[in-house]
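Participant: The task is simple: from the sequences and hints, build the whole structure.
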Amino acid sequence: MALNCGILGLPNVGKTTIFSALCGTPAETANYPFSTVKANTGIINLPDPRLEKLSAIFQPDRTIPATVEFVDIAGLVKGASRGEGLGNQFLSHIRDAAVYAHVVRCFENSDVIHVNEKIDPSSDIETIDIELALADMQTLEKRRERAEKSMKNPAEKKNNEFILAILEKIKAVLENAQPVRSLDLSDEEKNAIYDCHFITAKPQLYVCNVDEAGIKSGNAYTEIVKKRAEKEGTEAVSICGKFEADLCGIESPEEKKAFLDDLGLEETSLSALIHSAYRLLGLRTFFTTGKDECRAWTFRSGDTAPKTAGVIHTDFEKGFIKAEVYTCDDIFKYGTEAKIKEAGKYRLEGREYIVQDGDIMFYKFNV
Numbered sequence: 000m001a002l003n004c005g006i007l008g009l010p011n012v013g014k015t016t017i018f019s020a021l022c023g024t025p026a027e028t029a030n031y032p033f034s035t036v037k038a039n040t041g042i043i044n045l046p047d048p049r050l051e052k053l054s055a056i057f058q059p060d061r062t063i064p065a066t067v068e069f070v071d072i073a074g075l076v077k078g079a080s081r082g083e084g085l086g087n088q089f090l091s092h093i094r095d096a097a098v099y100a101h102v103v104r105c106f107e108n109s110d111v112i113h114v115n116e117k118i119d120p121s122s123d124i125e126t127i128d129i130e131l132a133l134a135d136m137q138t139l140e141k142r143r144e145r146a147e148k149s150m151k152n153p154a155e156k157k158n159n160e161f162i163l164a165i166l167e168k169i170k171a172v173l174e175n176a177q178p179v180r181s182l183d184l185s186d187e188e189k190n191a192i193y194d195c196h197f198i199t200a201k202p203q204l205y206v207c208n209v210d211e212a213g214i215k216s217g218n219a220y221t222e223i224v225k226k227r228a229e230k231e232g233t234e235a236v237s238i239c240g241k242f243e244a245d246l247c248g249i250e251s252p253e254e255k256k257a258f259l260d261d262l263g264l265e266e267t268s269l270s271a272l273i274h275s276a277y278r279l280l281g282l283r284t285f286f287t288t289g290k291d292e293c294r295a296w297t298f299r300s301g302d303t304a305p306k307t308a309g310v311i312h313t314d315f316e317k318g319f320i321k322a323e324v325y326t327c328d329d330i331f332k333y334g335t336e337a338k339i340k341e342a343g344k345y346r347l348e349g350r351e352y353i354v355q356d357g358d359i360m361f362y363k364f365n366v
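Numbering (numbering that gives the first Met the number 0), first residue to last: 0 to 366.
No wet-lab data here; the hints were simulated from the structure.
There could be a bad hint or two in this list.
List time: in silico DSS-like cross-link candidates among lysine-lysine, alpha-carbon distance up to 25 Å [as the list claims (entries may be wrong)]:
id	residue 1	residue 2
1	Lys170	Lys151
2	Lys340	Lys363
3	Lys215	Lys117
4	Lys338	Lys321
5	Lys215	Lys255
6	Lys189	Lys230
7	Lys189	Lys168
8	Lys156	Lys189
9	Lys363	Lys317
10	Lys241	Lys230
11	Lys52	Lys255
12	Lys290	Lys363
13	Lys344	Lys290
14	Lys215	Lys230
15	Lys151	Lys168
16	Lys290	Lys321
17	Lys321	Lys340
18	Lys241	Lys256
19	Lys170	Lys148
20	Lys241	Lys255
21	Lys321	Lys344
22	Lys340	Lys52
23	Lys151	Lys117
24	Lys156	Lys170
25	Lys170	Lys189
26	Lys148	Lys215
27	Lys230	Lys52
28	Lys170	Lys141
29	Lys290	Lys338
30	Lys306	Lys189
31	Lys168	Lys230
32	Lys52	Lys241
33	Lys215	Lys226
34	Lys148	Lys117
35	Lys256	Lys215
36	Lys241	Lys117
37	Lys225	Lys215
38	Lys52	Lys332
39	Lys317	Lys306
40	Lys338	Lys52
Quantities reported herein were computed from a predicted structural model and do not represent experimental measurements.
Facilitator: Printed below as a string of structure tokens:
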């Protein structure tokens, strides 16, 4: 299960620079709007110190981390919902993302052109919000037309009345440029309109693109974005795209550490971005270990043991019998599986067990 995160924002705010740093490979950039003509896609390993510790203990032949897919999407401008700029192309790509990271320019630099010729995070965010809401309004109108036509069929009337009622609730928030995710829809309501794939129903986090002076303490612009994120119940991460891109170009671990030390940083800010996107989707990690392989697997919070077994292979879920379980903390504390068993921490769990983040799983199945 790979996380798909779209990187969006106005043109020339640093999306592609951040994407290049994430992927460790250069992508097309330039100091003018719409230099990113097509979406760039990259698969990034999910940073997880626990997997590194497990590999040090088990000494496997290979270590396989969980992965995150990031998509750098062409910039959005006012009027994109009507096809302005690269709007149509943008919207087709963002519909495919499970979560999106909204990059907001939070630095001054006269050499880097801003599409609106001024630095104003609130205005930039509102431009994106309005265009996404307008795009969702178009989707809503098409879905409403279908529902109204289907009302002629008596067998479908009740279901379509339900759908139309939901669409009216959604229309009210979209008309105020508010996202669909701000509505407290029930699971039944969400399932009824699932085919709409509303863009603003997707989780969103903010990425404040700062200069080096703003990496540690931020600035007045980042405070604006963070307050907005807090109000919306989401997260805001500060990243210096230029710094991260420069850091990515350093191959020596020692030199990288020295580069971070110069700014008083313990780790790259990109890790914070990846983990924020991971959390927003309610994703968690379990591990399998052994001499052949130590591997991190992605699952959804609340999944049962058979469901997580199916992440590895569908046959594991179909033939699930039980799971042998202990935690990363157990192996880090006791050092060996034998000592974990002596301490009574090695467990057998059945079909109803809810897998926890950091569990180490061994599945018993019969096919």
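Participant: Straight-line Cα separation of Lys52 and Lys332 no greater than 25 Å?
Facilitator: Given that 25 Å is the threshold and the Cα spacing comes to 12 Å, the pair holds.
Participant: Does Lys344 lie within 25 Å of Lys321 when you go C-alpha to C-alpha?
Facilitator: Since the Cα atoms of Lys321 and Lys344 sit roughly 16 Å apart, the hinted pair holds (cutoff 25 Å).
Participant: Against the 25 Å threshold, does the CA-CA distance of Lys321 and Lys340 hold or violate the hint?
Facilitator: holds (17 Å)
Participant: Is the Cα-Cα distance between Lys215 and Lys255 25 Å or less?
Facilitator: holds (17 Å)
Participant: When you check the alpha-carbon spacing of Lys340 and Lys363, does it fall within 25 Å?
Facilitator: Holds - the C-alpha atoms of Lys363 and Lys340 are around 18 Å apart, at most 25 Å.
Participant: Measure nothing beyond the straight line between the CA atoms of Lys230 and Lys52; if it is 25 Å or shorter, mark the hint as holding.
Facilitator: Violated - the C-alpha atoms of Lys52 and Lys230 are around 37 Å apart, more than 25 Å.
Participant: With the threshold set at 25 Å, check whether the alpha-carbon distance from Lys170 to Lys141 stays at or below it.
Facilitator: holds (12 Å)
Participant: For the pair we were handed, Lys189 and Lys168, check the Cα-Cα distance against 25 Å.
Facilitator: Answer holds: Lys189 to Lys168 is near 12 Å, not above 25 Å.
Participant: Would the pair Lys215 and Lys117 pass a check requiring their Cα atoms to be no farther apart than 25 Å?
Facilitator: holds (24 Å)
Participant: Within 25 Å, alpha carbon to alpha carbon, are Lys241 and Lys230?
Facilitator: Not satisfied, since the Cα-Cα distance of roughly 29 Å exceeds 25 Å.
Participant: Compare the distance between the alpha carbons of Lys290 and Lys321 with 25 Å, and conclude whether the hinted pair is satisfied.
Facilitator: Holds, because 22 Å separates the two Cα atoms, which is no more than 25 Å.
Participant: Given the hint that Lys256 pairs with Lys215, does the C-alpha gap stay at or below 25 Å?
Facilitator: holds (16 Å)
Hints 10, 23, 26, 27, 32, 34 from the earlier list are contradicted by this structure; the remaining hints agree with it.
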